[in-house]
Amino acid sequence: MIKTKFNYDYYLRKNTLPHIWCPGCGDGIILKALLRAIHKCGYSKDEVVITSGIGCASRLPGYVDFNTIHTTHGRALTFAIGMKMYKPKLKVITISGDGDALAIGGNHFIHAARRNIDMTLIVFNNYTYGMTGGQYSPTQPLDSFATTTPFGSIEPPFDVCSLAQAAGATWVGRSTSYHAVQLEKFMVGALTHPGFSVLDVITNCHISYGRRNKMKSPVEMIKYQKEKAVPARSAENMSPEELAGRFKTGVLFETKDKPEFCGEYHKKLELLKTK
Amino acid sequence: MSKNIKLMQGNEAVAEGAVIAGCDFFAGYPITPSSEVAEILSNKLPKIGKVFLQMEDEIAALGAVLGAALGGAKAITASSGPGMSLKQEHIGYASMCEIPCVIVNVMRGGPSTGLPTLPAQSDIMQAKWGTHGDHAIIAITPSSVNESLYETIRAFNLAVKYRTPVLLLTDEIIGHMREKVVIPDKNEVEIIDVKLPDVPPEKYNPYNYTSGKVTPLAPMGEGYRYHVTGLIHGETGFPSQKTDVIQNAQNWLIDKIYKNIKDIEKFEEFQTGDADILVVAYGSTSRSVRQAISMARAAGIKVGMFRPITIWPFPEEQISNLSKKIKKVLVVEMNMGQIILEVQRAACGSKVYGLHVANGEPITPDQIFAKIKEVSEN
Ligand SMILES: Cc1ncc(C[n+]2csc(CCOP(=O)(O)OP(=O)(O)O)c2C)c(N)n1
Ligand code: SF4
Ligand SMILES: [Mg+2]
Numbered sequence: 001m002i003k004t005k006f007n008y009d010y011y012l013r014k015n016t017l018p019h020i021w022c023p024g025c026g027d028g029i030i031l032k033a034l035l036r037a038i039h040k041c042g043y044s045k046d047e048v049v050i051t052s053g054i055g056c057a058s059r060l061p062g063y064v065d066f067n068t069i070h071t072t073h074g075r076a077l078t079f080a081i082g083m084k085m086y087k088p089k090l091k092v093i094t095i096s097g098d099g100d101a102l103a104i105g106g107n108h109f110i111h112a113a114r115r116n117i118d119m120t121l122i123v124f125n126n127y128t129y130g131m132t133g134g135q136y137s138p139t140q141p142l143d144s145f146a147t148t149t150p151f152g153s154i155e156p157p158f159d160v161c162s163l164a165q166a167a168g169a170t171w172v173g174r175s176t177s178y179h180a181v182q183l184e185k186f187m188v189g190a191l192t193h194p195g196f197s198v199l200d201v202i203t204n205c206h207i208s209y210g211r212r213n214k215m216k217s218p219v220e221m222i223k224y225q226k227e228k229a230v231p232a233r234s235a236e237n238m239s240p241e242e243l244a245g246r247f248k249t250g251v252l253f254e255t256k257d258k259p260e261f262c263g264e265y266h267k268k269l270e271l272l273k274t275k
Numbered sequence: 001m002s003k004n005i006k007l008m009q010g011n012e013a014v015a016e017g018a019v020i021a022g023c024d025f026f027a028g029y030p031i032t033p034s035s036e037v038a039e040i041l042s043n044k045l046p047k048i049g050k051v052f053l054q055m056e057d058e059i060a061a062l063g064a065v066l067g068a069a070l071g072g073a074k075a076i077t078a079s080s081g082p083g084m085s086l087k088q089e090h091i092g093y094a095s096m097c098e099i100p101c102v103i104v105n106v107m108r109g110g111p112s113t114g115l116p117t118l119p120a121q122s123d124i125m126q127a128k129w130g131t132h133g134d135h136a137i138i139a140i141t142p143s144s145v146n147e148s149l150y151e152t153i154r155a156f157n158l159a160v161k162y163r164t165p166v167l168l169l170t171d172e173i174i175g176h177m178r179e180k181v182v183i184p185d186k187n188e189v190e191i192i193d194v195k196l197p198d199v200p201p202e203k204y205n206p207y208n209y210t211s212g213k214v215t216p217l218a219p220m221g222e223g224y225r226y227h228v229t230g231l232i233h234g235e236t237g238f239p240s241q242k243t244d245v246i247q248n249a250q251n252w253l254i255d256k257i258y259k260n261i262k263d264i265e266k267f268e269e270f271q272t273g274d275a276d277i278l279v280v281a282y283g284s285t286s287r288s289v290r291q292a293i294s295m296a297r298a299a300g301i302k303v304g305m306f307r308p309i310t311i312w313p314f315p316e317e318q319i320s321n322l323s324k325k326i327k328k329v330l331v332v333e334m335n336m337g338q339i340i341l342e343v344q345r346a347a348c349g350s351k352v353y354g355l356h357v358a359n360g361e362p363i364t365p366d367q368i369f370a371k372i373k374e375v376s377e378n
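Taken in order, these protein sequences are the chains called A and B.
In terms of our numbering, the first sequence opens at residue 1 and continues consecutively.
In terms of our numbering, the second sequence opens at residue 1 and continues consecutively.
So that you can see chain B by itself, here it is in the shape it has in the complex (with noise of 0.2 Å):
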């Protein structure tokens, strides 16, 4: 079969790959570096029979594609910066109802306005804990246009698979550079699909605590009436205020993530096995860091990256057991010490160095090499 091989930008890859996943709606709110995203999919998502929305605010974008998704709709939004500090309300409402949406935050550098059309890496933290409460998050880091396309598709089937809000982290660089896209069929990727629950209505709980399993979302309108709330709820999804559902509420947000990690997880090991020092890192800066490594490897430095695609829940298994072989763990990020924090954690057998530079410019494999050597030297 002959490939269908594009030229296209990450924002574009983003809007093909939820095409592709099988998007029914999107709603979002203009904001640089992501508006591409709107753009694209305000031509392609009403060419085959989809919703596109452009809504008042990120609050209001985000609330539409909760309303959608909750009548079944496979939904996106797209958004930057101060846009993501608006959204978090309701992404705690997608935790905590459970309901599947794709979030893509097309990073900038920030606080605040900070800059709107520069590159960072500084919303990973707010990824995990930018909204209130006690939950766990599924975050992707994609590092490549073709990668924006691919880890798309997957955002998609594991918001529906775990009932989950999902973050695509790209950023200003990833978003808007161009690169060789191989643009799969339909039938050679997974594709989650939206499901009715195998039970009926009368024995539908929208929630399940304690099976184990995550019990699939009814859309609404065909005949399952249930009740969503944002207040702790039991099965049955009424709010309450006993301990008991309050705590097996609170673990099961947790649990259902963190005890499927295996199935969420996606990483890739570069050179790593001779290694005397790995480097971290994830999205566009990885790009640097590859340069880099062979820089150092000609300088007869040997080393390897570990380079996290599904950030959230972070690696931390895989982290510990490299550190157990690899003593000098150096994290190279597009902000001021954010995963540095989460490896510091697992790799508590070795030394851990960081490479930290903000400043609107992508790190270059200069800068890295140059680090790489100071590490070794120490």
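Okay, chain A solo, but in the shape it has when bound (with noise of 0.2 Å):
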């Protein structure tokens, strides 16, 4: 563990600032979340990895001094399984959108979990296509507006967490931008876990999608967090009614009995030498 003092400049590349986030989006947030969580486990900058696909989220990389690679629209996770097989001892992390990580991405989100590679992937869940102007994405809830859902939608979404938990995911998570510092607490726990661990961080993107949906301010869209989110624990105690429209946070899987991927690979590799 890094004894030294947390100090945002040390991680930030400055002379990649100012960022393209709009003022008020909640991606900012948890670049900074990441940063103190990366710090907190001690890592150093040579050892980080960070693979992006495309999307406003998806821009984190350029910004923090690590390793990082913005890859194409869905596939970051496959270049992050590349890094990690080559090189088992860098700390690889992907970010991505919703959109990014289960439409265009999906099919490489549930390969990764049935893996149980040890990465971690953090989804900024904005309900949206923020980028490409606020089309519906596959997290965005029943009823809403998008720019290609002008009546409504009536297209169900994913469940980001009870996915990765069900193809395979060790360590399942999910926070809110509003909650920055179990935010920061939860990346320790996914970062540090041995497996393939899936944060979903509910963000709020008022541009795109708050304003289509009567929360055209950041501060309507966090209060929403704040409002919307219960505790797993809590949740357990309350009706389906009552949990309508509402999202489970905390530490919702973790498991260590499932053989990790990388390893299991490299003691094969191992066993093949004795041979």
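To be clear, the hints were calculated from the coordinates, so they are not data collected in a lab.
Be a bit skeptical, because a hint or two may be false.
What the hints assert, rightly or not - Cβ-Cβ distance ranges computed for the label pairs, FRET-style:
1) A/C22 - B/G133: 39 to 49 Å
2) B/G223 - A/L271: 25 to 35 Å
3) B/G360 - A/R246: 42 to 52 Å
4) A/D143 - B/D255: 30 to 40 Å
5) A/P156 - B/D263: 49 to 59 Å
Stated by the list, open to error - Distance condition first, Cα-Cα at most 27 Å in a straight line; then the derived DSS-like pairs of lysine-lysine:
6) A/K268 - B/K256
7) B/K213 - A/K268
8) A/K228 - A/K216
9) A/K32 - A/K216
From the three backbone atoms N, C-alpha and C, an ideal C-beta is built for every residue, glycine too.
Hints in hand, dock the two standalone chains.
This is the structure we're talking about:
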């Protein structure tokens, strides 16, 4: 563990700022939590690799001083897997938007989870395609509005966490850009978990999503996150009616029982060596 | 020294060549007629401590290859037909970000699922233009099993040297046939290794558009922290929308290949010295052409062949020079007419004829001989 005092400047590529995010966007809060979490984990900047797809969220790697790869839409996990398998010592983190991770990248998402490879995926879940101007995403709530659901969405959304767990991820959690302290704590949990960890972060895109759904300002959206988040433990005692329109937060699933893919592969290599 | 001679399949020769070249990483997705490359490497690579991965699709396979290559791996993938269509976005990413990798395309008939088990040479233009945007590419067309091995090694070398994806275009015939291969020792062949940059991390820029030299790609995780993006970027690697940076970047992607064409080009001239007709053919088709040439010569028609081994960048200069002496040029390809367009541009002094057969069967020496006769009488 690094004992030095935390300092954002140490981790930021200040010459790449200002960032492209809209004032009030939740993505910056998540970025800051990520830097604090990486610091808490004690990782050196050289051993951290961050890959991302395409979208507002996926612009994050450009701003932070690690080994950073802004890849193609939906495919960041595939680059991450290549890197991790070739250099298992590196700490590999993937940043994805909800569209990036679950629409175009859905196949890679479930297969990374199935393999249970020791990496972390952080989904910046703003219920929309922020970067392209607010088309509907696979996490957009039923009946809400987007530039491509002008009459309200009739597509049921994915629950990122249930999907991750069902596909085989071994650490699954959810927080929001409102719960900045909890967010940092969960990130540490996800990063240090020895397997595939998925952190679903509900974040606000007031520009592309909020404006069309009676939450014009970042404040209204942050309020939404605060009010709709239900800690997993409280949710246990709530009826489906009470839970409607709300989402669970917390570490929702964790197991160390499933073999980790990268380690298993390299174990096999050792066995072959002795043969 | 006793020669290590083996009878093997083309796809096996590619796998063997990859191992000799120092391949660290394979990721792929099964598809006929390329699957043997994956199957063989799934056996060979783990035994030498290297990584083999079967991914969930071809896009993922090339993504994993590029991730590993950014870590400093010599990495390869192999596919065919529809799989090559899926790979196109990441071929563009590799071009744009200048990430070395080798992509084997064992060509089969198309479009779409086409002819899974039958040969074609119909992805020649796809190799050059398959991904969107301006860029240059290196593509190689071996014509035998033995050549497949050596050209795979050269493909790795060119990929590392020029920081570019290199396509190895074989076809179902070469991929599946068995022939004699002379397997070289590692020290008998040139092997270009991935190097650390010769400047310290604080002075390192991952790109260089102006010095004319290709900057080494620093393996990630070794102290050189930098940013990679498929957005147009400046020499520091960060995105830019400045017109001069954009133009420099665009020029560089093309110049770094075309200004080094002498180093990248490779071709064979066969009996062109006294030829009245020049046949241009590549890959498996060139084998039938060789036979047709001896038939033609026996009948008193002087025919020679020009065989591009590096097909992209196209050997324009050689074709242009030959066409000054040889006034009739015949292009033979297992497709509906692709490289003939390049030949027509380059051989502007000659009459250019084409023999294009795309029926799932190799073009026979008889078919070619008949066409040569027709051309000679024309
Ligand atoms: C192959 C491909 N298809 C489409 C796009 C256009 N595109 C860019 S970002 C994006 C959606 C991003 O949404 P999300 O992943 O949720 O990220 P956000 O911007 O909301 O953070 C799309 C469709 C693209 N860049 N590449
Ligand atoms: S469009 Fe939305 S997600 Fe993108 S930067 Fe603006 S507020 Fe953030
Ligand atoms: Mg989104």
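Structure-based check of all given hints:
1. Checking the proposed 39 to 49 Å range against A/C22 and B/G133 shows it is violated: the Cβ atoms sit about 28 Å from each other.
2. A C-beta distance of roughly 32 Å is found between B/G223 and A/L271, which places it inside the suggested range of 25 to 35 Å.
3. Take B/G360 and A/R246: their Cβ atoms lie about 59 Å apart, and the range 42 to 52 Å is violated.
4. Between A/D143 and B/D255 the CB atoms are about 54 Å apart, so this pair departs from the stated range of 30 to 40 Å.
5. At about 57 Å, the beta-carbon gap between A/P156 and B/D263 stays in the expected band of 49 to 59 Å.
6. A threshold of 27 Å between alpha carbons decides the hint, and for A/K268 with B/K256 the separation of about 41 Å lies outside it, so the pair is violated.
7. Between B/K213 and A/K268, the direct Cα distance comes to roughly 41 Å. Violation of the 27 Å bound is thereby established for this hinted pair.
8. Note on A/K228 and A/K216: the hinted pairing holds, with a Cα-Cα distance of about 17 Å set against a maximum of 27 Å.
9. Simply put, A/K32 and A/K216 have alpha-carbon atoms about 24 Å apart, close enough for the 27 Å limit, and the pair holds.
Checked against the numbered hints above, the structure breaks hints 1, 3, 4, 6 and 7 and satisfies the rest.
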